[in-house]
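**Q** Letter by letter, the chains look like this.
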Amino acid sequence: MNAEQKRAWLGVVTMSACVVGYFVLLPLFGPIVATAAFAFYGINGFAGLIGRKEKPDERDKNIARRATLAGAMASYLAFIIGCMGTWFVVFAFKREEQVWVHVLGTITMLGAIVFFFTRSVAILVLYGRHVEADNA
Amino acid sequence: MPEITNGIRRLRFDHDEMTQEELALRVACTRQTIIALEAGKYTPSLALAFRIARAFNKRVEDVFQYEVPIKE
Numbered sequence: 000m001n002a003e004q005k006r007a008w009l010g011v012v013t014m015s016a017c018v019v020g021y022f023v024l025l026p027l028f029g030p031i032v033a034t035a036a037f038a039f040y041g042i043n044g045f046a047g048l049i050g051r052k053e054k055p056d057e058r059d060k061n062i063a064r065r066a067t068l069a070g071a072m073a074s075y076l077a078f079i080i081g082c083m084g085t086w087f088v089v090f091a092f093k094r095e096e097q098v099w100v101h102v103l104g105t106i107t108m109l110g111a112i113v114f115f116f117t118r119s120v121a122i123l124v125l126y127g128r129h130v131e132a133d134n135a
Numbered sequence: 000m001p002e003i004t005n006g007i008r009r010l011r012f013d014h015d016e017m018t019q020e021e022l023a024l025r026v027a028c029t030r031q032t033i034i035a036l037e038a039g040k041y042t043p044s045l046a047l048a049f050r051i052a053r054a055f056n057k058r059v060e061d062v063f064q065y066e067v068p069i070k071e
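Chains as they are written, first to last, in numbering that gives the first Met the number 0: chain B, 0 to 135; chain V, 0 to 71.
To be clear, the hints were calculated from the coordinates, so they are not data collected in a lab.
Please read these numbers as outputs of a predicted model, since none were measured by experiment.
Treat the hints with care, as some may be off.
Cut-off 30 Å, straight-line C-alpha distance, at most; resulting in silico cross-link-like pairs (BS3-like, lysine-lysine) [as the list claims (entries may be wrong)]: (1) B:K5 / V:K57; (2) B:K60 / B:K93; (3) B:K52 / V:K40; (4) B:K60 / V:K40; (5) V:K57 / B:K54; (6) V:K40 / V:K57; (7) B:K5 / B:K60; (8) B:K54 / V:K40; (9) B:K5 / B:K52; (10) B:K60 / V:K57.
Generate coordinates for the entire structure from the input sequences, incorporating the hints supplied.
**A** Set out below in structure tokens:
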């Protein structure tokens, strides 16, 4: 397992902890306190300490680039669905024209979590699959 | 199935049983990439393909073979 895969595993664990923590705290303390679970996101910052001496080669860079693209696409999708979904639920079902201010922070964090989770999973999957170099 | 196959494993053994680590050092990539190449899980860039061929004193087409996919 190389440094990129170790970082990816850390990403999967921390992002899963964020989501699980949020849904554990939500029924107990409500939506504002539940966002405290997003603190697990900060642990991902230690990923930079993993394998600092390892130099990535063309395959590592290729996989990282593809995984980042997949993460960005999933994050964009999650953010748009989160924004429009919230508006739809609030307006269509509750007939209200205002969205609770804390929703924006939660949706932003959702987008960030989806980005790192998708990127990490994509890295783990791509290392086990056939990959072609960009100019192959 | 990959369209490009290679004989890296055979060539390594023909060159005094060169280890994957040695080849990786010679062609400036990681051992994991050599493993992926031998397993047919990675199609290298042209630059890496040339470096590998030169490490064995061979031409690129002696190391890598292009197989035309069979259409059903």
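**Q** None of the hints should be skipped; say for each whether it holds.
**A** To see whether the hints hold, each was checked on the structure:
For the hint linking B:K5 to V:K57, the alpha-carbon distance of about 36 Å lies beyond 30 Å, and the restraint is violated. Pair hint B:K60 plus B:K93 does not hold up; C-alpha atoms about 48 Å apart against a cutoff of 30 Å. A threshold of 30 Å between alpha carbons decides the hint, and for B:K52 with V:K40 the separation of about 25 Å falls inside it, so the pair holds. With a C-alpha separation of about 15 Å, the suggested pairing of B:K60 with V:K40 holds against the 30 Å cut-off.
Taking the CA atoms of V:K57 and B:K54, the gap is near 27 Å; set against the 30 Å cutoff, the hint holds. Distance check on the hinted pair: V:K40 and V:K57 sit about 22 Å apart at the alpha-carbon level, within 30 Å; holds. A hinted pair counts as satisfied when its Cα atoms are at most 30 Å apart, and B:K5 with B:K60 qualifies at roughly 15 Å. For the proposed pair B:K54 and V:K40, the alpha carbon gap of about 20 Å is at most 30 Å, so the pair holds.
Distance hint between B:K5 and B:K52 is fulfilled; the C-alpha atoms sit about 14 Å from each other, no more than 30 Å. About 27 Å separates the Cα atoms of B:K60 and V:K57, which keeps this hinted pair within 30 Å; it holds.
Taken one by one, the earlier hints fail for this structure at numbers 1 and 2, listed in ascending order.
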